[in-house]
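A.B. asks: This note's numbering puts the sequence shown at residues 1 to 171.
Don't take every hint at face value.
[As the list claims (entries may be wrong)] Calculated pairs, EDC-like style, for lysine to aspartate or glutamate (alpha carbon to alpha carbon, straight line, at most 16 Å): (1) K31 <-> E157; (2) K31 <-> E2; (3) K37 <-> E47; (4) K68 <-> E57; (5) K31 <-> E4; (6) K31 <-> D161.
[As the list claims (entries may be wrong)] FRET-style restraints, in silico, Cβ to Cβ: (7) L80 <-> Q113: 16 to 24 Å; (8) P95 <-> N24: 17 to 25 Å; (9) Q64 <-> D44: 31 to 39 Å; (10) Q115 <-> H139: 13 to 21 Å; (11) S21 <-> E60: 24 to 32 Å; (12) K68 <-> E147: 21 to 29 Å.
Everything labelled a hint here was simulated from the structure, so no lab data went into it. For glycine and all other residues, C-beta sits at the position ideal for the given N, C-alpha and C.
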Amino acid sequence: MEVEVSIQDIFGELYHESVISAENWQEWCEKWLEILKTSLPPADAYELGLRLTDDAEIQELNTQYRNKNQPTDVLAFAALEADIPQSEEMLLHVPLYLGDLVISVETAARQAQQQGHSLQTELAWLAAHGLLHLLGWDHPDEDSLTEMLSMQATLLESIGDRTWLAQITPV
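Throw the hints in and build the complete structure from the sequences for me.
C.D. replies: Structure representation (structure tokens):
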């Protein structure tokens, strides 16, 4: 399965090396979409955007699109609508655009510190959460939240991170 991840990392411009390399993001998204392929519309290739930003920018987006004037950890802007048909020819020749993820690295860093794990783990967790939203997953109730958290843990485990396994056990 071919996956193209377009990454915009405002922190990469400020620091010499990013917490997670572009190659790792690419590899992780490929693994995750392979695991989630039953949730994907059929296509030869997929594309998604990932923007790593700060609290100020994500607060602007959160205000504009969700009417919540506060920073958040991750926003997912899905490009797919469940009932929009895609022509077979289009799906075979053009990557299917899934949407964009925007993650606040500042919020992720605070959450990582509060949870007692690395920033890399928190960023991966948030990206997995956002990716599930791009594919139509949601968590309006406890059962769907538990299912979504379980899938996020599966996705992180696929990239060698078992940090979340103990934390998703229902109380």
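A.B. asks: Check whether the Cα positions of K31 and E4 lie no farther apart than 16 Å.
C.D. replies: holds (12 Å)
A.B. asks: Does the structure keep K31 and E2 at a Cα separation of 16 Å or less?
C.D. replies: Holds. K31 to E2 sits at ~10 Å (cutoff 16 Å).
A.B. asks: Checking one constraint from the list: CA of K31 to CA of D161, max 16 Å. Satisfied?
C.D. replies: Status holds; Cα separation ~13 Å.
A.B. asks: Kindly confirm whether 24 to 32 Å is satisfied by the beta carbon distance between S21 and E60.
C.D. replies: holds (27 Å)
A.B. asks: When you take the CB atoms of P95 and N24, is the distance between them in 17 to 25 Å?
C.D. replies: For N24 against P95, whose Cβ atoms are near 20 Å apart, the range 17 to 25 Å holds.
A.B. asks: Starting from the hint 13 to 21 Å, judge whether the C-beta atoms of Q115 and H139 obey it.
C.D. replies: holds (18 Å)
A.B. asks: Are K37 and E47 close enough, with their CA atoms no more than 16 Å apart?
C.D. replies: holds (14 Å)
A.B. asks: Taken at face value, is the distance from the CA of E57 to the CA of K68 at most 16 Å?
C.D. replies: holds (13 Å)
A.B. asks: Is the hinted range of 16 to 24 Å satisfied by the C-beta distance from L80 to Q113?
C.D. replies: Given range 16 to 24 Å: violated, Cβ gap about 34 Å.
A.B. asks: How does the Cβ-Cβ distance of K68 and E147 compare with 21 to 29 Å: does it lie in that range?
C.D. replies: holds (24 Å)
A.B. asks: Given a hint of 31 to 39 Å, does the C-beta separation of Q64 and D44 actually sit inside it?
C.D. replies: holds (34 Å)
A.B. asks: Can the restraint linking K31 and E157 be considered satisfied, given a maximum Cα separation of 16 Å?
C.D. replies: Status holds; Cα separation ~11 Å.
The structure fails to meet hint 7 from the earlier list, while all remaining hints are met.
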